[in-house]
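Enquirer: Protein sequence lines correspond, in order, to chains A and B. Under the working numbering, the letters of the first sequence match residues 1 to 531, in that order. Under the working numbering, the letters of the second sequence match residues 1 to 531, in that order.
FYI, nobody ran anything at the bench for these hints, they're computed from the structure. There may be inaccurate statements among the hints.
[Said to hold, decoys possible] Under the rule of at most 20 Å between Cα atoms (straight-line distance), these lysine to any residue pairs were calculated in the SDA-like manner:
| hint | chain 1 | residue 1 | chain 2 | residue 2 |
| --- | --- | --- | --- | --- |
| 1 | A | Lys417 | A | Leu474 |
| 2 | B | Lys513 | B | Asp348 |
| 3 | A | Lys508 | A | Gly489 |
| 4 | B | Lys15 | A | Lys417 |
| 5 | B | Lys508 | B | Asp487 |
| 6 | A | Lys239 | B | Gln100 |
| 7 | B | Lys239 | A | Ser331 |
| 8 | B | Lys239 | A | Asp328 |
| 9 | A | Lys239 | B | Ser331 |
| 10 | A | Lys127 | A | Glu146 |
| 11 | B | Lys288 | A | Asp206 |
| 12 | A | Lys288 | B | Pro204 |
| 13 | B | Lys239 | A | Trp203 |
| 14 | A | Lys239 | B | Pro204 |
| 15 | B | Lys239 | A | Ser330 |
| 16 | B | Lys151 | B | Thr36 |
| 17 | B | Lys288 | A | Trp203 |
| 18 | B | Lys508 | B | Lys15 |
| 19 | B | Lys239 | A | His397 |
| 20 | A | Lys421 | A | Gly456 |
| 21 | B | Lys15 | A | Arg372 |
| 22 | B | Lys288 | A | Arg253 |
| 23 | A | Lys15 | A | Asp154 |
| 24 | A | Lys239 | B | Asp328 |
| 25 | A | Lys15 | B | Arg372 |
| 26 | B | Lys15 | A | Gly394 |
| 27 | A | Lys15 | B | Pro204 |
| 28 | A | Lys239 | B | Lys288 |
| 29 | B | Lys288 | B | Asp328 |
| 30 | A | Lys15 | B | Thr36 |
2 protein chains.
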Amino acid sequence: MLPASNAYDFPLLIKHLLTNASRAHARQEIVSHPNTRLSYETFERRVHQLAHSLNNCGIEDAMRVGVMDWDSNRYLECFFAVPMMGATLFTINVRLSPAQLLYTINHGAPDLIIVHRDFMPLIDEIKSGFERDITIIPIGDGDGYEAWIGKAADRFDFPDFEEARTATLFYTTGTTGNPKGVSYSHRQLVLHTLGLLVGFGVWPGDAGFHRGDVYMPLTPLFHVHGWGFPYAATMLGVKQVYSGRYDPDSLLRLIADEGVTFSHCVPTILSMLLERPSAAHIDLNRWKVIIGGAALPRGLQDRAAEAGICLHAAYGMSETCPFLTVADLSSDDPQIQAQTGFAGPLIDLRVVTPDMEDVPHDGEAIGEVVARAPWLTQAYLDNAQASDALWSGGYLHTGDVGYMREDGSVQITDRLKDVIKTGGEWVSSLALENIASSCNGIEDVAAIGMPHEKWGERPVLLAQAAKGANLEDLRTSVLRAVQSQVDAGALSKWAMPDLLLFVDQLPKTSVGKLDKKQMREDVLKYSDIKS
Amino acid sequence: MLPASNAYDFPLLIKHLLTNASRAHARQEIVSHPNTRLSYETFERRVHQLAHSLNNCGIEDAMRVGVMDWDSNRYLECFFAVPMMGATLFTINVRLSPAQLLYTINHGAPDLIIVHRDFMPLIDEIKSGFERDITIIPIGDGDGYEAWIGKAADRFDFPDFEEARTATLFYTTGTTGNPKGVSYSHRQLVLHTLGLLVGFGVWPGDAGFHRGDVYMPLTPLFHVHGWGFPYAATMLGVKQVYSGRYDPDSLLRLIADEGVTFSHCVPTILSMLLERPSAAHIDLNRWKVIIGGAALPRGLQDRAAEAGICLHAAYGMSETCPFLTVADLSSDDPQIQAQTGFAGPLIDLRVVTPDMEDVPHDGEAIGEVVARAPWLTQAYLDNAQASDALWSGGYLHTGDVGYMREDGSVQITDRLKDVIKTGGEWVSSLALENIASSCNGIEDVAAIGMPHEKWGERPVLLAQAAKGANLEDLRTSVLRAVQSQVDAGALSKWAMPDLLLFVDQLPKTSVGKLDKKQMREDVLKYSDIKS
């Protein structure tokens with residue numbers, strides 16, 4: 001059937017996410033710490049002004065605009081204005097080392113970068129290494145940026161174009177090799193926004209994310225689009241709170257003062273907040289937090305539950321936009337809340353053998369988690385070899401290992417590269433970490449596999465003890481806890497660590513994940529493994 | 001950026017709606033009156049078997065399969081199997097007159113029709129007029145169909161194809177001219193499913209449609225895909241109930257016995273249920289009902305509220321898949337519950353003048369409602385002229401008249417063709433009907449414009465009185481009610497009807513809408529209008 005000559009063939013473009021947000025929520029607020037409060041109507045006007053300002057700086061169609069800023073209304077305005085112009089938003093990871101930062105900027109090749117003054121020293125340090133001319137727009141919290149966009153016209157004609165056009169670009173922060181560029185199209189981001197809302201929103205009661213919530217991200221916006229929630233929150237038209245530079249006490253105050261009900265973060269951030277003395281004086285009973293980016297340690301989960309926080313796990317990665325799974329949000333059973341959970345709408349998630357055969361869905365058989373979804377990165381930027389490996393067999397390989405239960409829910413047990421292969425068994429480093437982290441006096445812990453001549457690898461624990469803890473007692477209690485799981489048959493006998501080392505601080509990557517590659521190097525330096 | 005050579009470029013296909021439904025909800029039920037209960041796992045197997053059975057009958061890629069059946073698991077299986085094969089599902093309106101039915105079958109040109117035995121007499125009556133060979137598969141409730149699909153293999157290889165492929169076809173039932181064919185692609189139906197779930201699902205508390213609901217449609221599945229909810233309910237994996245032939249007492253019993261919590265229907269169906277004596281004995285307090293297809297009369301709304309039903313209005317039409325707007329589902333204010341409501345996600349809904357200028361959003365200025373959305377029919381089948389008119393100015397014209405409030409919510413006040421144009425004023429026929437239906441003793445009412453030499457048109461009311469009502473008293477109370485609204489300034493003085501006729505039954509279309517064309521003809525026969 002031929003469409004009518006004048007029919008509108010609706011392309012999935014980011015600008016369509018704004019259509020009803022500004023119309024229906026003219027009086028709802030977007031709050032940006034320390035001193036900005038915008039109505040949605042004003043926010044939309046500013047998106048238009050930002051586009052004009054970028055255009056005045058020579059930015060057109062298909063160019064790339066980098067951003068180095070704290071979470072703010074400014075960043076959210078870039079989330080919309082830059083792709084809506086047809087340009088690519090390059091969300092630069094400000095936590096990278098100067099060398100990695102320079103690498104990603106030269107590789108990602110932005111035409112312009114908007115830089116908060118806090119990051120100007122970083123730019124000054126590396127700019128002599130820039131391989132192209134880049135316009136730098138230095139901004140501040142209230143000044144700079146306001147002067148820049150304030151005088152621009154407030155009606156930009158955002159064009160239609162093909163939905164496959166690239167909207168965003170950023171770099172993954174793996175522990176091996178150079179950062180790799182991943183990008184997403186308008187279509188992918190619009191579908192991800194709908195998928196996220198169906199996956200997190202369609203729950204009974206107060207569970208999940210819905211129109212009544214007040215949203216504050218605790219995952220920086222440069223990290224996988226703040227997990228996509230800023231787009232979803234804006235389309236829904238809820239109150240949003242952007243916190244500027246993450247300062248624990250200020251974050252807690254914002255939660256209380258603005259009535260924040262929904263956030264998402266990695267375990268480290270939540271742990272950091274709960275450790276503040278001021279946390280005890282704030283009512284966190286209405287706060288729902290989605291934990292991702294790393295496994296949810298049982299100890300942290302218990303501390304959060306004591307504080308009244310409603311915590312659930314979710315799962316995804318830089319290459320998946322990121323939404324893949326979420327735990328049963330209607331459950332208040334801690335075991336179920338911490339599960340990797342169920343695949344979101346449309347997502348075909350499998351647990352497979354190296355030959356791409358499904359493992360039995362018995363809650364035990366281990367394999368690699370692979371996926372198809374309408375919002376998975378189709379390639380690494382200019383890296384065909386890594387791209388083909390990512391999509392080996394026509395499914396995106398997460399590099400995570402886990403099992404599927406009979407009910408279809410998935411459990412990640414480890415990173416493929418962190419699984420400890422010993423004596424012909426696969427021992428989950430996460431399982432060991434969970435047991436150890438439940439012991440009183442253990443603040444942070446990592447399990448790694450160290451090379452072993454006879455057994456392939458052997459498990460080693462690195463732990464950070466609470467101040468004043470008796471290390472020998474602690475060592476005994478951790479090893480006893482592991483042994484009791486072995487005795488109970490929950491762990492293979494090969495899981496007993498050969499070594500438990502106490503350290504001041506566990507090495508982490510720029511996004512707060514355990515840096516096991518560094519740990520293996522450190523351990524090799526410090527000790528000889530029994531062989 | 002080039003995709004990896006092996007990347008899966010996820011086309012939006014109906015088969016993807018099933019991916020997690022069957023995996024995660026193997027033990028959830030699909031109930032079909034009178035005696036079928038299926039797990040989702042069994043349901044999925046039957047979808048594969050149905051595809052094989054159709055294939056054995058010669059159905060391939062791009063052919064058309066018609067269905068004439070009551071709401072049932074069989075129909076739901078067709079919703080999936082037929083488009084998933086690559087064929088087009090033609091949902092035949094069994095309520096059409098034999099002449100219209102024959103017209104749509106010849107125009108829609110199915111290769112095969114699955115016909116419930118209740119509709120075989122209808123087929124026998126018209127089949128001599130078929131302009132092509134059509135395979136007829138006669139089925140019954142438990143037999144026929146079961147024997148047909150029961151022996152088929154249970155693994156059909158549903159292929160990938162382009163998402164723009166036509167998935168469904170059906171005919172609009174306008175009151176003028178021949179029925180017009182509208183069709184939807186896989187992409188449109190997948191996007192509609194996501195949009196429906198975001199629009200109806202992302203609400204706090206128990207409001208809207210969510211994973212905890214038990215779903216039973218009360219809009220026949222042949223009518224705009226049962227408003228799209230069967231696809232959404234299946235993707236979500238909730239318990240579903242299909243009721244067979246609509247029998248009021250049986251429907252009420254199903255609501256009670258199966259714990260139905262969510263339905264949708266036109267006002268007539270709800271009214272029919274509430275009139276049954278057995279309704280008084282059933283607890284309807286957990287039942288949420290979405291009303292669409294016609295305005296929600298205040299009288300019916302009050303009766304439903306008394307019964308404890310949670311009622312909200314929504315808006316759409318055959319040409320819009322159908323979701324366009326829904327009232328604020330979190331409101332329990334009857335005024336707000338009955339509003340046409342807010343445009344759903346991504347939907348660009350406007351109220352415009354004949355020149356396509358937006359009317360002021362002041363809750364007063366009237367214009368035609370037009371829309372863009374990712375799921376609007378792109379054309380009428382083989383009718384370029386009507387298609388171009390439908391999409392005049394690049395927006396789909398709903399043919400409905402209304403206004404927009406400052407908060408962005410819309411109110412439909414009439415059909416463009418039903419507005420009574422009198423003395424230079426536009427009088428809403430719906431406004432008159434609302435006033436009259438609130439009078440005790442009025443069971444059903446319609447306001448129409450009758451041609452008038454001097455004033456263009458003049459309003460006439462046709463009413464159906466309750467049994468035993470004193471018609472003269474009733475006439476006085478209706479006219480007094482209209483006069484008091486005129487006196488209060490809520491209605492123009494031109495709105496006073498010239499005539500109030502009592503009739504045994506108001507003429508309705510095959511889908512239960514007031515047939516005002518028929519009424520105008522009837523009134524011309526019965527009376528001379530004052531001039």
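Enquirer: For each hint, tell me whether it holds in the structure or not.
Expert: Cross-check of the supplied hints:
Distance restraint check for Lys417 of chain A and Leu474 of chain A: the Cα-Cα separation of roughly 28 Å exceeds the 20 Å cut-off, and the hinted pair is therefore not satisfied. Among the hinted pairs, Lys513 of chain B with Asp348 of chain B is inconsistent with the structure: their alpha-carbon atoms are about 26 Å apart, more than 20 Å. Distance restraint check for Lys508 of chain A and Gly489 of chain A: the Cα-Cα separation of roughly 32 Å exceeds the 20 Å cut-off, and the hinted pair is therefore not satisfied. Restraint check for Lys15 of chain B and Lys417 of chain A: the C-alpha separation of about 34 Å exceeds 20 Å, so the hint is violated.
Annotation: proposed proximity of Lys508 of chain B to Asp487 of chain B is violated, straight-line Cα distance about 32 Å (limit 20 Å). Only pairs whose Cα atoms come within 20 Å are accepted, and Lys239 of chain A paired with Gln100 of chain B is rejected, the gap being roughly 51 Å. The suggested pairing of Lys239 of chain B with Ser331 of chain A holds, with an alpha-carbon distance near 19 Å, which does not exceed 20 Å. Annotation: proposed proximity of Lys239 of chain B to Asp328 of chain A holds, straight-line Cα distance about 17 Å (limit 20 Å).
Restraint check for Lys239 of chain A and Ser331 of chain B: the C-alpha separation of about 19 Å stays at or below 20 Å, so the hint holds. Proximity of Lys127 of chain A to Glu146 of chain A is assessed by CA-CA distance (about 25 Å); at most 20 Å being required, the pair is judged violated. This hinted pair checks out: Lys288 of chain B and Asp206 of chain A have alpha carbons roughly 18 Å apart, not beyond 20 Å. In summary, the hint linking Lys288 of chain A to Pro204 of chain B is supported, as the alpha carbons are separated by about 13 Å, within the 20 Å threshold.
For the hint linking Lys239 of chain B to Trp203 of chain A, the alpha-carbon distance of about 14 Å falls within 20 Å, and the restraint holds. The straight-line distance between the Cα atoms of Lys239 of chain A and Pro204 of chain B is roughly 14 Å, inside the 20 Å bound, and the hint therefore holds. Taken as a hint, the Lys239 of chain B and Ser330 of chain A pair is honoured in the structure, with Cα atoms around 17 Å apart against an allowance of 20 Å. Distance check on the hinted pair: Lys151 of chain B and Thr36 of chain B sit about 18 Å apart at the alpha-carbon level, within 20 Å; holds.
Restraint check for Lys288 of chain B and Trp203 of chain A: satisfied, since their Cα atoms lie roughly 15 Å apart, inside the 20 Å limit. At most 20 Å may separate the alpha-carbon atoms for a hinted pair to count; Lys508 of chain B and Lys15 of chain B exceed this at roughly 37 Å. Restraint check for Lys239 of chain B and His397 of chain A: not satisfied, since their Cα atoms lie roughly 33 Å apart, outside the 20 Å limit. For the suggested pair Lys421 of chain A and Gly456 of chain A, the alpha carbons sit about 6 Å apart, so the restraint of at most 20 Å is met.
Simply put, Lys15 of chain B and Arg372 of chain A have alpha-carbon atoms about 13 Å apart, close enough for the 20 Å limit, and the pair holds. Note on Lys288 of chain B and Arg253 of chain A: the hinted pairing is violated, with a Cα-Cα distance of about 39 Å set against a maximum of 20 Å. This hinted pair checks out: Lys15 of chain A and Asp154 of chain A have alpha carbons roughly 15 Å apart, not beyond 20 Å. Between Lys239 of chain A and Asp328 of chain B the alpha-carbon distance is near 17 Å, which keeps this suggested pair within the 20 Å criterion.
Among the hinted pairs, Lys15 of chain A with Arg372 of chain B is consistent with the structure: their alpha-carbon atoms are about 13 Å apart, no more than 20 Å. Only pairs whose Cα atoms come within 20 Å are accepted, and Lys15 of chain B paired with Gly394 of chain A is accepted, the gap being roughly 18 Å. Restraint check for Lys15 of chain A and Pro204 of chain B: not satisfied, since their Cα atoms lie roughly 26 Å apart, outside the 20 Å limit. Restraint check for Lys239 of chain A and Lys288 of chain B: the C-alpha separation of about 27 Å exceeds 20 Å, so the hint is violated.
Our distance criterion of 20 Å between C-alpha atoms is met by Lys288 of chain B and Asp328 of chain B, whose separation comes to about 13 Å. Using a Cα cut-off of 20 Å, the hinted pair Lys15 of chain A and Thr36 of chain B is violated, with the two alpha carbons roughly 46 Å apart.
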